[in-house]
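A.B. asks: Sequence:
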Amino acid sequence: MIDVWKEIKLATNEICIQEGGTVTHHHAVGRDHRVKGYDLQRPEGFKDMLVSAKEGVDPRSIMNPGVLIDPKGKKYKHWMED
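Residue numbers (my numbering): 4 to 85.
Be aware that a few hints might be false.
The calculated DSS-like cross-link candidates involving lysine-lysine, where the alpha carbons are at most 27 Å apart (straight line), are [what the hints assert, rightly or not]:
#1 K77 with K57
#2 K77 with K9
#3 K39 with K80
#4 K12 with K39
#5 K39 with K75
#6 K50 with K80
#7 K57 with K78
#8 K80 with K12
#9 K9 with K80
#10 K57 with K80
#11 K39 with K77
#12 K50 with K12
#13 K78 with K39
#14 K39 with K50
#15 K57 with K75
#16 K9 with K78
#17 K9 with K50
#18 K77 with K12
Ranges between beta-carbon positions, derived for each pair [unchecked claim]:
#19 A56 with W8: 27 to 35 Å
#20 A14 with K80: 19 to 27 Å
#21 D61 with G23: 30 to 38 Å
No wet-lab data here; the hints were simulated from the structure.
We treat Cβ as the ideally placed atom computed from N, Cα and C, and that holds for glycine.
Please construct the entire structure, taking both the sequences and the accompanying hints into account.
C.D. replies: What follows is the structure, encoded as structure tokens:
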């Protein structure tokens, strides 16, 4: 059943982006939205700003690691990634 949800979620993200929509809105953006969604639409400059702010506020990356950005020096592999 979870495989069906994964397939639907990834397809929905792709269709939404193809049709000019976005999956980057601040409500419910998290790990499940990063795969084929948030990371593709987030501008690099915004990512750089998030990284800088995160390092200043949470230098040990203990608050929500991998939700919007990966902790410095680490790459979280999401369960939906192939």
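A.B. asks: Would you mind marking each hint as holding or not holding in the structure?
C.D. replies: Structure-based check of all given hints:
Restraint check: the Cα-Cα separation between K77 and K57 comes to about 14 Å, which is no more than 27 Å; the hinted pair holds. A C-alpha spacing of about 24 Å is found between K77 and K9, which places the hinted pair at or below 27 Å, so the restraint holds. In summary, the hint linking K39 to K80 is supported, as the alpha carbons are separated by about 13 Å, within the 27 Å threshold. The straight-line distance between the Cα atoms of K12 and K39 is roughly 9 Å, inside the 27 Å bound, and the hint therefore holds.
For the given pair, K39 sits about 21 Å from K75 by alpha-carbon distance, which is consistent with the 27 Å threshold. With a C-alpha separation of about 18 Å, the suggested pairing of K50 with K80 holds against the 27 Å cut-off. Of the pairs offered as hints, the one joining K57 and K78 holds, with about 15 Å between alpha carbons and a cut-off of 27 Å not exceeded. Restraint check: the Cα-Cα separation between K80 and K12 comes to about 17 Å, which is no more than 27 Å; the hinted pair holds.
Pair hint K9 plus K80 holds up; C-alpha atoms about 15 Å apart against a cutoff of 27 Å. Distance restraint check for K57 and K80: the Cα-Cα separation of roughly 19 Å lies within the 27 Å cut-off, and the hinted pair is therefore satisfied. For a cut-off of 27 Å, the pair hint linking K39 to K77 stands: about 19 Å separates their Cα positions. Between the alpha carbons of K50 and K12 the distance comes to roughly 23 Å, so the proposed pair stays at or under 27 Å and holds.
Taking the CA atoms of K78 and K39, the gap is about 16 Å. The hint holds against a cut of 27 Å. A distance of roughly 16 Å separates the Cα atoms of K39 and K50; the hinted pair therefore holds under the 27 Å criterion. Pair hint K57 plus K75 holds up; C-alpha atoms about 9 Å apart against a cutoff of 27 Å. Our distance criterion of 27 Å between C-alpha atoms is met by K9 and K78, whose separation comes to about 21 Å.
Taking the CA atoms of K9 and K50, the gap is about 25 Å. The hint holds against a cut of 27 Å. Under the criterion of a C-alpha separation no larger than 27 Å, the hint pairing K77 with K12 is consistent with the structure, at around 25 Å. Checking the proposed 27 to 35 Å range against A56 and W8 shows it holds: the Cβ atoms sit about 32 Å from each other. A hinted range of 19 to 27 Å for the beta carbons of A14 and K80 is consistent with their spacing of about 20 Å.
Take D61 and G23: their Cβ atoms lie about 34 Å apart, and the range 30 to 38 Å holds.
Hint violations for this structure: none, all hints satisfied.
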